[in-house]
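Student: Taken in order, the sequence shown gives residues 315 to 602; the numbers are from my numbering.
Because the hints were derived from the structure by calculation, they are not lab data. Honestly, I wouldn't trust all of these hints.
What the hints assert, rightly or not - DMTMM-like cross-link-like pairs, simulated, lysine to aspartate or glutamate; straight-line CA separation at most 20 Å: (1) 390 - 400; (2) 390 - 333; (3) 481 - 589; (4) 390 - 586; (5) 481 - 572; (6) 481 - 455; (7) 390 - 572; (8) 390 - 373; (9) 481 - 586; (10) 481 - 333; (11) 390 - 583; (12) 534 - 524.
As the list claims (entries may be wrong) - Pairwise CB distance ranges, derived in the manner of DEER restraints: (13) 359 - 570: 32 to 38 Å; (14) 523 - 479: 32 to 38 Å; (15) 343 - 503: 39 to 45 Å; (16) 512 - 561: 19 to 25 Å; (17) 540 - 586: 29 to 35 Å; (18) 542 - 569: 37 to 43 Å.
Computed from a predicted structure; not experimentally measured. Heads up, the beta-carbon is just placed ideally off N, CA and C, and yes, glycines get one too.
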Amino acid sequence: MSSLAGRTIATVGSGVMAEAIIAGLLRGQLVAPEQIVASHPRPDRRETLARIHGIRTVDGNAAAAAGADIVLLAIKPQMLARVGREIRGGLEPGQLVISILAGATTRALTGHLGHREVVRSMPNTPAQLGRGMTVWYATPETSAAQREQAATLLGALGAQIEVDDEKLVAMATAVSGTGPTYVFLVMEALIDAAVHLGFARHIAHDLVLETLEGSTLFAKQSGMHPAELRNMVTSPGGTSAAALHELESGRLRTVLSEAVWAAFRRTVELGDQLEAGVPADAAVLPEG
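Sequences are here, hints too, so could you generate the full structure?
Tutor: Below, the structure is given as structure tokens:
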């Protein structure tokens, strides 16, 4: 039996990623539509969610969160203070809050929400297809049952990993969370290069996407280190060797590393900014 059986789930902020979670939960039959309520300020968005997924929708965040066993916080990071004011005080002991906000630390979350049973997670965009990668951390106040619920819910998006050091979520934000951005840029560059060679753009598109997908699948199923796989296809004096020489001369490894570090620094900055806005009375929040 699913750890979410009989549990009610509220999505506060019901954008693309929240809808991906809703769809994943329903697709996997982990919950029934009547177990989910979603809040959104726009009537057209509420109507769309209700029509497509058969769930209940409301216009108020506090109304959605009230009484829910699990509250999925899926708003933009800059909205945390405002939404926190709306639902702060309404959350009860025993409710689990799962945040997918980039950069939002558990200190910022618990402070703004006035609630300690919190999971900080970072999914990525392939979650919309159930092929995402999510790294998450639970506060010490969360129970084993709540962590199991978090694992089940986030597992609806694809692979999920629980970590015992919150800093690893910030690091994952820079690697897997932002990772699709790096891949899409490389994808775009390869397509443009193929067009420059003389391929029609639609053919270049298919060549690149199928190559990237096949290479990823090969790497995953082989279990081999990428360096081993690269050596397998690099013959002395061959085309791969010539291409690799240019990539190394262009500092590809260094640029990618610097991009990851830049994303990590920005994640930490976002966390610091959100923590700076924590209400003064958060310091006296009673222990769960």
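Student: Decide, hint by hint, whether the structure agrees.
Tutor: Consistency of the hints with the structure:
1. 390 - 400: Holds - the C-alpha atoms of residue 400 and residue 390 are around 15 Å apart, at most 20 Å.
2. 390 - 333: 15 Å, holds
3. 481 - 589: Given that 20 Å is the threshold and the Cα spacing comes to 15 Å, the pair holds.
4. 390 - 586: 16 Å, holds
5. 481 - 572: With Cα atoms ~18 Å apart, residue 481 and residue 572 stay inside 20 Å; holds.
6. 481 - 455: Between residue 481 and residue 455 the Cα gap is close to 18 Å, so the pair holds against 20 Å.
7. 390 - 572: 25 Å, violated
8. 390 - 373: The hint holds at about 17 Å.
9. 481 - 586: Cα-Cα ~13 Å, so holds.
10. 481 - 333: Answer violated: residue 481 to residue 333 is near 27 Å, above 20 Å.
11. 390 - 583: 15 Å, holds
12. 534 - 524: Judged against 20 Å, a Cα distance of about 15 Å means the pair holds.
13. 359 - 570: 32 to 38 Å: 37 Å, holds
14. 523 - 479: 32 to 38 Å: Cβ of residue 523 to Cβ of residue 479: about 36 Å, so the range 32 to 38 Å holds.
15. 343 - 503: 39 to 45 Å: 41 Å, holds
16. 512 - 561: 19 to 25 Å: 22 Å, holds
17. 540 - 586: 29 to 35 Å: Between residue 540 and residue 586, where Cβ atoms are some 34 Å apart, the hint holds.
18. 542 - 569: 37 to 43 Å: 23 Å, violated
The structure shown violates the earlier hints numbered 7, 10, 18.
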